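2 protein chains.
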Amino acid sequence: MSTPKAPDSRRRSERSRQAILSATRELIVELGYPRVTVEAIAARAGVGKQTLYRWWPTKGAVVLDSILALSSPDAEGQVTLPDTGDLEADLRTVLRATVAEFADPAFEAPIRALNTEIINDAELAAAYRERLGAPVEQAKRDRLRAAQRAGQLAADADLDLVLDLLYAPVYRRWLLRDGPLTPEYADALVTAVLAAFRPA
Amino acid sequence: MSTPKAPDSRRRSERSRQAILSATRELIVELGYPRVTVEAIAARAGVGKQTLYRWWPTKGAVVLDSILALSSPDAEGQVTLPDTGDLEADLRTVLRATVAEFADPAFEAPIRALNTEIINDAELAAAYRERLGAPVEQAKRDRLRAAQRAGQLAADADLDLVLDLLYAPVYRRWLLRDGPLTPEYADALVTAVLAAFRPA
DNA sequence: GGAGCAAGACGGCTCGTCCCGTCCTGCTCC
DNA sequence: GGAGCAGGACGGGACGAGCCGTCTTGCTCC
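If you read the protein sequences in the order shown, they are chains A and B. Residues in the first sequence are numbered consecutively from 2, following the numbering used here. Residues in the second sequence are numbered consecutively from 2, following the numbering used here.
Hints were generated in silico from the structure; no laboratory data involved. Keep in mind that this is a model prediction, so the values were computed, not measured. Be careful, since some hints might not be right.
Since copy identity is lost for identical chains, a pair holds within one copy or between any two.
In silico DMTMM-like links for lysine to aspartate or glutamate, alpha-carbon gap of 25 angstroms or less [said to hold, decoys possible]: (1) 60 to 159; (2) 50 to 66; (3) 50 to 91; (4) 60 to 179; (5) 50 to 122; (6) 50 to 102; (7) 60 to 84; (8) 141 to 109; (9) 141 to 27; (10) 141 to 40; (11) 60 to 40; (12) 50 to 89; (13) 141 to 15; (14) 60 to 122; (15) 50 to 131; (16) 50 to 9; (17) 60 to 105.
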């Protein structure tokens with residue numbers, strides 16, 4: 002009852018893997034996700050379709066890996082956020098950076114594609130959270146906790162709620178394109194959220 | 002340069018239209034959106050495919066209409082929100098109701114399907130905002146403005162920002178399924194956001 | 001020679017168009 | 001004003017194109 006046959010990952014072609022992930026990202030940016038086909042990815046990568054299906058179960062999984070390969074080219078899951086001691090300044094920096102990332106098509110398009118898949122695939126969503134979301138989330142929470150200890154945030158503040166209030170509006174505005182996603186908007190969010198959790 | 006030929010809407014079969022919209026909703030709930038095909042919708046509705054393509058350009062447009070038909074069975078775009086004079090209580094009521102809606106599969110599944118389409122179709126997204134989002138948004142803003150005049154909200158509060166802070170976290174948690182979407186969460190959001198925009 | 005590889009043939013499914021014969025509606029002509 | 005007619009929407013379904021996921025073939029590298 003085990004998986005039919007697991008391929009030998011030691012013999013896997015790193016060249017093909019990279020080519021597939023790059024081709025996936027490129028095609029998503031060039032054509033838009035709905036028009037990207039598995040066949041096109043394989044052709045662009047100079048790879049047989051079987052190679053693709055041997056290592057990934059679904060197109061969504063390929064997209065996820067193509068983004069993971071992009072976001073952590075060096076270190077292994079190590080995520081650090083700026084900590085100058087000034088919470089408001091640091092949050093502005095980080096949130097503005099997030100806004101800037103979402104404005105870059107090479108970054109934005111693949112993540113949009115991933116979200117398209119994640120919405121209807123709880124399993125893929127869990128994989129995403131585990132491999133990308135959780136570490137980043139943890140780093141953000143750590144930064145907030147430090148600020149909390151430094152008395153820059155209410156002692157009883159729910160840090161997950163703070164993060165939701167900061168990031169969910171940015172995420173929504175980006176995903177639905179229902180308003181300008183500007184540095185000013187990021188600043189306004191930081192100001193409002195900090196006002197809500199000002200220490201007593 | 003006009004549209005090739007617009008069908009005569011006076012001769013449109015209301016029976017077929019309703020059957021298509023119902024079948025769409027049913028199949029999305031039963032099968033999950035990715036498994037719903039145009040052919041299945043037509044078959045379930047007892048309708049030729051051409052009838053479907055005659056009146057809707059894309060599957061996404063059908064989904065949008067199927068939701069519109071659901072949410073406004075009676076009045077025409079009239080949206081009203083509770084106004085007891087107590088902003089915090091009213092917001093709790095409305096946000097808890099939103100949370101409850103998202104817990105109902107018959108409501109949740111079609112909207113999730115619509116979001117799947119909207120993400121990659123700016124045109125459809127605009128249509129959605131115009132026909133459903135804008136009126137609701139307006140009603141919410143009106144309620145907040147009343148509260149502002151009553152001195153329950155800071156005079157200089159950006160009402161769109163307030164709405165984003167209230168609803169974006171709910172939306173995100175629902176769409177990504179990355180946390181429990183409970184009445185308590187709704188209450189916590191209301192508390193935090195009102196704290197941020199407390200009048201001076 | 002065993003396994004991964006590129007290349008691509010293949011069956012099955014879906015899409016969107018096209019065509020058929022039927023039915024309904026409104027107009028014309030006696 | 002009643003019969004005939006034209007137009008168009010209808011249910012049903014055939015059709016080609018394109019994509020998916022599997023399978024086959026020969027090559028290459030360990």
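- List in ascending order the numbers of the hints, as given earlier, that are violated by the structure. 1, 3, 6, 7, 9, 10, 12, 13 and 15
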